[in-house]
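Peer 1: If you want the building blocks of each chain, they are given just below.
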Amino acid sequence: MAMASAHPHTEARQPARWQDFIQLLKPRVMSLVVFTGLTGLVAAGRPVNWFLGAVAIFCIAVGAGASGALNMWYDSDIDAKMRRTRGRPVPAGRVQGSDAAGLGVVLSLFSVMLMGMALNWLAAGLLAFTIVFYAVVYTMWLKRSTPQNIVIGGLAGALPPVIGWAAATGQTPLNAWLLCAIIFMWTPPHFWALSLYTSEDYAKAGVPMMPVVRGAASTRRQILIYSLLFVPIAILPAFTGLGGAAYLAVSGVGGLIFLLLAVRLLRSRAGEAADPRRDDGLYDVAAGARTARNLFAFSILYLTLLFATLLVEHLAGLPALELFR
Amino acid sequence: MSDPSRESDAEAKARRGRNIALALGLVLFVILVFVVTLVRLGGNVAQRPL
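Going line by line, the protein sequences match chains R and Z.
For the first sequence, position 225 (counting from the first letter as 1) is numbered 225 according to the working numbering, and the numbering increases by one without interruption.
Quick note: to get the working numbering, add 1000 to the position in the second sequence (first position is 1).
These aren't lab readings, by the way, just hints derived from the structure by calculation.
Glycine included, each C-beta is placed from N, C-alpha and C at the ideal position.
Every clue listed holds true.
Simulated DEER-style distance windows between Cβ atoms:
1) R/213 <-> Z/1013: 45 to 55 Å
2) R/125 <-> Z/1012: 41 to 51 Å
3) Z/1049 <-> R/173: 33 to 43 Å
Just so you have them, the derived chain R footprint on chain Z, three or more residues with Cβ under 8 Å:
4) 1014 to 1021
5) 1034 to 1040
All chains should be modelled from the sequences, with the hints used to inform the complete structure.
Peer 2: Put into structure tokens, the structure is as follows:
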């Protein structure tokens, strides 16, 4: 891999370190994908050789990393304009865009081929679809063209449990797609809550995020609508033979808190500019932003708890509820 | 005047780090494929009729 080129954002040329290539793989996103993929693999309920199971999770992680590298290559122009992303290796000039793209392509091929050889080709095909969907459909097309970018693009982040399930069983039953639906419906409230207090950055970069295109009030309304759709879906596994009593309790109580935070966000002024005529405008906006931050932070906790509970229930062999089986 | 094409110490150190990481990655890949082959084929070989 070549040395980084001189770049307008850096005063002196910095050599690319191996850690920069790790950063291209978005390790934080990888960890979430590993977690949900592992839950799908375990919840499938069919014993898998531990080594092959580990290889399946490794392939999902590497595939997610490959998507991240391709995203960082293609989006380096956008990343350079946003405070949150301008320190990334490509916009900061430490790694050449072509090196990031090369790493992404090689790791994509590696992860898909290994998944196919070690587990099965259904899981490999789903992994390939996920990578292409994230890198091409989301990154190259949706992200720059529609405020629905993260709604449709969210499918890429929602597929890992299905891939894990397919890796274990060679099949993708409804319960696997239910796990996918949970993450898919969770994505809009999660990302729009974040974008309500970072919309300035997105506007500067020309990314048509919902608060930039439709305004903060519309975004807050849509967050509540998606939350109302999301919470029942999050509770559903307790009624399909997937989750047990603990899952029902966690998803029910957490869901109520989620809805409460979404209602509080709706009533706030999160995402709106300060009104200079009001003395307390600055504090108002800060208070509004806090409601968006609260929902954003809780959304991460809630999703983690949902999948952790399922994982623990299945690892411990706790019985699923048999309400509508 | 220093030669602009000459590698600085920091660049050499970074390149060495990248090379080691790449070598470790390749070794891991070889080991992974080897063990996957053993696990996938081993069971079938053990079960084949004599």
